Amino acid sequence: MSTLTSLARAEAVVAERAQRITLVRHLHVADRPLVFVPLTLAGEANAPLAAMVGDDPDNPTLLIVPQPRNRDQRFAFAASLAEVVLPYVDSFRGDVEAVAVNRGKDIRVRYADAPQLLVPNPGGVAFTRLFGRSTRFRRTDGDYPVHPSVPLLGRWLTWFADRAEHPGSSALLAMTEALTGHWATGQSPLEDAQLAALMAWIDPPDGMTGTQAAAAAEDPVTCPPAGPTTDPGFDNEILAPAIEAYERAVAADSLVERRRAELEDVLRTQLEPTWRLMWRAVALLHDLPAGSRVAGRWAEDRDAFTNHCSHLDDGGVPQPRRDAAVAAAQRLHRLERAQASYDVQRAYDDPMVMADHRLTGEAFVGEVTAADPTRIDDSGKRRVLRPRITVTTADVVLVTPGTTLASPHRPTNQKATVVSVARNDAGTAEVVLELTGGMGSSLTPPAGSVPEVGERLCWTTLTGFFFPAGAFPSREETPWTHGGPPAPYDDDTPTAEDAQEEWS
Amino acid sequence: MNLAERLATIRGGVAPTRHNARTIAALTSNPGCARRAVLDCAGVDKQRLAAHIDHPARFGQSQFAITRGNAFEAQVKANGCAELLRLLRELLDLDIEEVAYDDLESVAGREGNDLRYARARTLLTHAAAQPDQAGTLFDHPLLRLDVAGQQAYLEPDLIAFQHAGRFHVVEIKSFAVIDGRADPGKVAAAAIQSAVYVLAMRTLLEEAGHDPEIVSHDVVLVCPRDFSNQPMAVLVDVRKQLAVLRRQLSRMTRIDALLADLPATLSFDLAVDDTGVPTRSPQSLIDALNEVEARYSPECLAACELAYFCRHEAHGCTAALGKSVREELGGIERVETALAIAREQRAPAEDQQEAAELLRAAARLRAELLSGVA
Ligand code: SF4
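For the protein sequence lines, the chains are A and B, in the order given. Numbering follows the UniProt record's numbering, in which position 9 of the first sequence is assigned residue number 9; successive positions increment by one, without gaps. Numbering follows the UniProt record's numbering, in which position 230 of the second sequence is assigned residue number 230; successive positions increment by one, without gaps.
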């Protein structure tokens with residue numbers, strides 16, 4: 001959080017309505033996302049109780065586990081979930097596009113679109129990860145065979161959960177986080193974790209303020225929690241008797257279907273409100289204009305999707321339980337780079353995000369008040385074009401001479417070096433910048449390649465979207481301090497034991 | 001009035017609420033709050049109080065979670081704790097074959113706390129005095145802790161394991177450890193609860209003349225492994241939790257200072273009439289609450305029964321938006337004040353100058369940027 005978003009929260013308290021904290025949307029919203037609202041049984045380790053899932057707001061699939069402690073029913077649930085998720089994922093394995101690589105010498109192919117899974121909150125992401133973990137090693141033969149779709153579902157859910165850790169990825173999004181990235185409410189971040197209360201601030205029903213709507217949304221009877229944990233009151237008063245009735249029906253072998261239908265009805269009451277909120281949230285996000293770099297990041301998701309498809313097609317092994325040392329370090333490094341790059345991209349895409357950096361003196365916005373576009377530096381061996389411009393700004397300027405700056409409004413290869421900073425009495429500052437790059441190779445700059453007097457520009461110390469890739473030892477060269485080279489596929493290879501892992 | 005009488009007045013004509021490791025652990029969650037300190041020291045039933053003033057707490061527990069917890073505990077303790085012993089042997093690297101198992105659960109169920117505590121004390125000090133004897137598992141020993149000058153008995157949810165003169169607190173929890181990782185929030189809660197037991201056991205042994213350090217600060221946490229029912233055990237170091245707990249408990253013994261500033265008639269009496277309704281009106285209880293200063297933060301929602309009342313009261317305070325928001329708004333207490341300063345409708349106080357500059361710059365930027373969208 002920053003001073004700006006905190007100020008927005010304060011404004012939301014007074015306005016009684018959530019306030020925008022970005023000017024654009026920083027994530028991809030698919031035309032046809034798969035919304036997934038899972039519920040678990042309290043006290044158990046990720047035991048599914050029910051889920052509502054689908055890509056059509058008017059036609060959700062309701063899945064339930066009538067006896068959540070029954071192992072076979074859990075795998076039946078997994079198989080039914082696979083019947084929705086796998087065809088959805090497969091539907092993106094159609095159109096492809098060619099991407100030039102290796103400076104245009106080669107091309108590779110990637111899918112033109114990719115699946116997007118939306119869950120209500122980080123708990124939904126954790127459910128996805130753990131459900132993937134508990135199903136991807138299952139075997140379709142041997143002692144406890146499962147339907148072949150179950151381990152495949154597990155591998156896809158794991159893929160989604162892995163992508164969710166990647167900053168800037170939109171393959172699996174937790175809706176509360178997607179929303180709080182774009183709006184500030186008049187309540188605390190802790191309370192924002194409740195999807196219903198959060199949505200109440202952003203989009204209150206007609207005739208209600210956000211404050212009133214959020215208060216109403218806290219009543220678990222009218223607004224059931226968005227899961228995966230259910231409301232304890234619901235568990236004790238409604239769910240437990242319904243499960244018992246079902247169990248009695250099974251024992252007596254009578255009215256089983258009827259009791260099952262009743263159980264479906266009570267679980268539907270817990271899922272449907274969240275289902276509707278999810279689609280309303282999708283529409284709200286959809287209405288925000290996308291930032292210019294969103295498509296580029298989604299292309300990375302499409303790359304990752306394409307790669308995982310090939311991995312599966314080539315008979316690759318399931319994701320390990322834990323990464324081996326080198327793989328873990330590489331992954332961490334990749335995530336750090338992605339985070340740094342995502343932060344810069346958001347600031348470049350969005351003046352409101354850049355404003356955070358203006359407040360801290362890492363960026364300033366001003367008008368070009370003087371320009372010397374044909375200035376030549378002949379102090380060195382070779383005469384070079386080094387135009388200078390003067391930018392006058394009312395922002396706090398903390399940059400010092402010698403600092404390199406870049407501008408979201410200029411070509412990425414154009415850089416500016418601070419020559420001098422002079423503050424004047426009016427509270428503004430005049431910054432003289434010397435430009436390099438982006439102006440061709442002759443001594444006269446092409447038209448438009450040097451900013452002109454009167455242009456309003458942002459300059460910042462945030463530069464570069466690409467960070468050097470780290471050098472890591474190969475698997476074989478894993479240092480002994482990190483356990484030495486792992487066995488091919490390490491000790492995390494799925495074993496027969498994994499396939500039969502107890503799940504009780 | 002001495003302290004005990006004063007606290008009795010505050011509590012009114014009802015028995016003090018009983019503590020357990022969870023409620024004592026909860027005392028550490030907002031140590032700066034005077035309201036809570038006063039109510040807890042006096043043993044006021046905050047749950048009933050909150051319900052009566054129409055801001056009920058929402059701490060329900062699902063029966064599924066309770067059932068699962070009980071089943072897992074029963075499984076670990078089955079056959080004289082055979083499974084538990086196996087885990088302890090592996091974890092603590094012991095070469096013992098068998099241990100004695102002593103269940104101190106009240107047999108008749110009618111035994112008073114004092115008696116049960118005396119029995120636990122006898123057995124535990126006896127074991128401490130004879131370190132060469134075989135290891136023993138003491139199940140359900142009733143312990144107590146001094147909370148604000150009162151002896152609070154702890155619901156005995158633990159097993160104390162003694163071997164070679166060393167004691168370990170064993171806690172059985174039913175949340176899963178999956179691929180070596182568990183829910184950090186649940187582990188933290190278990191750690192602070194275990195620390196309460198460690199402290200109580202240390203106190204008991206120290207009073208009997210033993211070295212309190214014979215109770216290890218490494219507690220044994222037993223949880224189901226992965227997605228199975230199979231138990232696994234890990235050691236959790238609770239030194240940090242012990243320090244926090246000691247600090248807070250000693251702070252509560254200085255309750256006099258807090259009470260000195262409060263009216264002598266202050267009372268949260270929840271005594272009921274024939275129909276079971278408290279005789280005091282909700283409004284008079286709210287008035288009493290207003291006498292004692294609170295320090296609400298959103299974390300209260302998960303930790304204190306009065307949270308919904310205090311949140312209501314704190315509406316419009318920057319602290320209600322969370323600690324970091326309050327800090328980023330320059331520590332200014334009221335939301336309207338912060339906004340008025342930011343919008344230059346109000347001059348900042350002496351100590352708000354620096355915050356004011358940043359807020360004004362932020363407000364200018366927001367206004368400039370939003371004028372483009374709106
Ligand atoms: S809820 Fe109220 S009484 Fe309880 S700790 Fe928070 S501020 Fe204090």
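Calculated directly from the structure, the hints in this document are not laboratory data. Keep in mind that the hints are not guaranteed to be accurate.
Stated by the list, open to error - Some chain A residues flagged as far from chain B (calculated, every beta-carbon gap over 12 Å): (1) 31; (2) 73; (3) 133; (4) 206; (5) 243; (6) 253; (7) 269; (8) 290; (9) 321; (10) 402; (11) 414; (12) 417.
To be verified - Calculated cross-link-like contacts (lysine to any residue; reagent style SDA-like; alpha-carbon spacing at most 20 Å): (13) B/186 - B/212; (14) B/173 - B/184; (15) B/186 - B/60; (16) A/415 - A/332; (17) B/186 - A/362; (18) B/173 - B/73; (19) B/77 - B/157; (20) B/186 - B/203; (21) B/323 - A/372; (22) A/415 - A/372; (23) B/186 - A/129; (24) B/186 - B/61; (25) B/240 - B/73; (26) B/173 - A/69; (27) B/77 - B/60; (28) B/186 - B/360; (29) B/186 - A/126; (30) B/186 - B/103; (31) B/186 - A/180; (32) B/240 - B/212; (33) B/77 - B/67; (34) B/186 - A/193; (35) B/173 - B/95; (36) B/173 - B/323; (37) A/105 - A/71; (38) B/240 - B/293; (39) A/105 - A/123; (40) B/323 - A/367.
Just so you know, these numbers come straight off a predicted model, no measurement behind them. Even glycine gets a Cβ: it sits at the ideal position worked out from N, Cα and C.
Here is what the structure says about each hint:
1. A cut-off of 12 Å between C-beta atoms confirms that residue 31 of chain A is not in contact with chain B; the least separation is 24 Å.
2. Under the 12 Å C-beta cut-off, the non-interface status given to residue 73 of chain A relative to chain B holds; the minimum distance is some 14 Å.
3. The claim that residue 133 of chain A lies off the interface is violated: its Cβ sits roughly 7 Å from the closest Cβ of chain B, which falls inside the 12 Å cut-off.
4. Interface exclusion of residue 206 of chain A from chain B stands, the closest Cβ pair being 20 Å apart, more than 12 Å.
5. In this structure residue 243 of chain A is not separated from chain B by more than 12 Å, as the shortest Cβ-Cβ distance comes to only about 9 Å.
6. The beta carbon of residue 253 of chain A is kept farther than 12 Å from every beta carbon of chain B, the shortest such distance being approximately 25 Å.
7. At the 12 Å boundary, the C-beta of residue 269 of chain A stays outside the reach of chain B, the nearest C-beta of that chain being 17 Å off.
8. Non-interface call for residue 290 of chain A relative to chain B: holds, since the shortest CB-CB distance, roughly 15 Å, exceeds 12 Å.
9. Listed as outside the interface, residue 321 of chain A is inconsistent with that label: its C-beta sits roughly 5 Å from the nearest C-beta of chain B, within the 12 Å cut-off.
10. No beta-carbon of chain B comes within 12 Å of the beta-carbon of residue 402 of chain A; the shortest separation is about 25 Å.
11. Non-interface call for residue 414 of chain A relative to chain B: holds, since the shortest CB-CB distance, roughly 24 Å, exceeds 12 Å.
12. For residue 417 of chain A, the condition that its CB be more than 12 Å from all CB atoms of chain B holds, with the nearest at approximately 26 Å.
13. For the suggested pair residue 186 of chain B and residue 212 of chain B, the alpha carbons sit about 27 Å apart, so the restraint of at most 20 Å is broken.
14. For a cut-off of 20 Å, the pair hint linking residue 173 of chain B to residue 184 of chain B stands: about 13 Å separates their Cα positions.
15. Of the pairs offered as hints, the one joining residue 186 of chain B and residue 60 of chain B holds, with about 16 Å between alpha carbons and a cut-off of 20 Å not exceeded.
16. At most 20 Å may separate the alpha-carbon atoms for a hinted pair to count; residue 415 of chain A and residue 332 of chain A exceed this at roughly 30 Å.
17. Proximity of residue 186 of chain B to residue 362 of chain A is assessed by CA-CA distance (about 40 Å); at most 20 Å being required, the pair is judged violated.
18. A C-alpha spacing of about 8 Å is found between residue 173 of chain B and residue 73 of chain B, which places the hinted pair at or below 20 Å, so the restraint holds.
19. For the hint linking residue 77 of chain B to residue 157 of chain B, the alpha-carbon distance of about 13 Å falls within 20 Å, and the restraint holds.
20. Under the criterion of a C-alpha separation no larger than 20 Å, the hint pairing residue 186 of chain B with residue 203 of chain B is inconsistent with the structure, at around 26 Å.
21. For the given pair, residue 323 of chain B sits about 49 Å from residue 372 of chain A by alpha-carbon distance, which is inconsistent with the 20 Å threshold.
22. A C-alpha spacing of about 16 Å is found between residue 415 of chain A and residue 372 of chain A, which places the hinted pair at or below 20 Å, so the restraint holds.
23. Restraint check for residue 186 of chain B and residue 129 of chain A: the C-alpha separation of about 19 Å stays at or below 20 Å, so the hint holds.
24. Restraint check: the Cα-Cα separation between residue 186 of chain B and residue 61 of chain B comes to about 14 Å, which is no more than 20 Å; the hinted pair holds.
25. Annotation: proposed proximity of residue 240 of chain B to residue 73 of chain B is violated, straight-line Cα distance about 27 Å (limit 20 Å).
26. Using a Cα cut-off of 20 Å, the hinted pair residue 173 of chain B and residue 69 of chain A holds, with the two alpha carbons roughly 18 Å apart.
27. With a C-alpha separation of about 27 Å, the suggested pair residue 77 of chain B and residue 60 of chain B falls outside the 20 Å cut-off, and the hint is violated.
28. Proximity of residue 186 of chain B to residue 360 of chain B is assessed by CA-CA distance (about 42 Å); at most 20 Å being required, the pair is judged violated.
29. Using a Cα cut-off of 20 Å, the hinted pair residue 186 of chain B and residue 126 of chain A holds, with the two alpha carbons roughly 15 Å apart.
30. Restraint check for residue 186 of chain B and residue 103 of chain B: not satisfied, since their Cα atoms lie roughly 27 Å apart, outside the 20 Å limit.
31. The straight-line distance between the Cα atoms of residue 186 of chain B and residue 180 of chain A is roughly 25 Å, outside the 20 Å bound, and the hint therefore fails.
32. For the hint pairing residue 240 of chain B with residue 212 of chain B, the CA-to-CA distance comes to about 17 Å; that is within 20 Å, so the pair holds.
33. This hinted pair checks out: residue 77 of chain B and residue 67 of chain B have alpha carbons roughly 15 Å apart, not beyond 20 Å.
34. Restraint check for residue 186 of chain B and residue 193 of chain A: satisfied, since their Cα atoms lie roughly 18 Å apart, inside the 20 Å limit.
35. With a C-alpha separation of about 25 Å, the suggested pair residue 173 of chain B and residue 95 of chain B falls outside the 20 Å cut-off, and the hint is violated.
36. At most 20 Å may separate the alpha-carbon atoms for a hinted pair to count; residue 173 of chain B and residue 323 of chain B exceed this at roughly 31 Å.
37. Taking the CA atoms of residue 105 of chain A and residue 71 of chain A, the gap is about 53 Å. The hint is violated against a cut of 20 Å.
38. For the suggested pair residue 240 of chain B and residue 293 of chain B, the alpha carbons sit about 28 Å apart, so the restraint of at most 20 Å is broken.
39. Straight-line distance between C-alpha atoms of residue 105 of chain A and residue 123 of chain A comes to about 45 Å, which puts the hinted pair past the 20 Å bound.
40. At most 20 Å may separate the alpha-carbon atoms for a hinted pair to count; residue 323 of chain B and residue 367 of chain A exceed this at roughly 38 Å.
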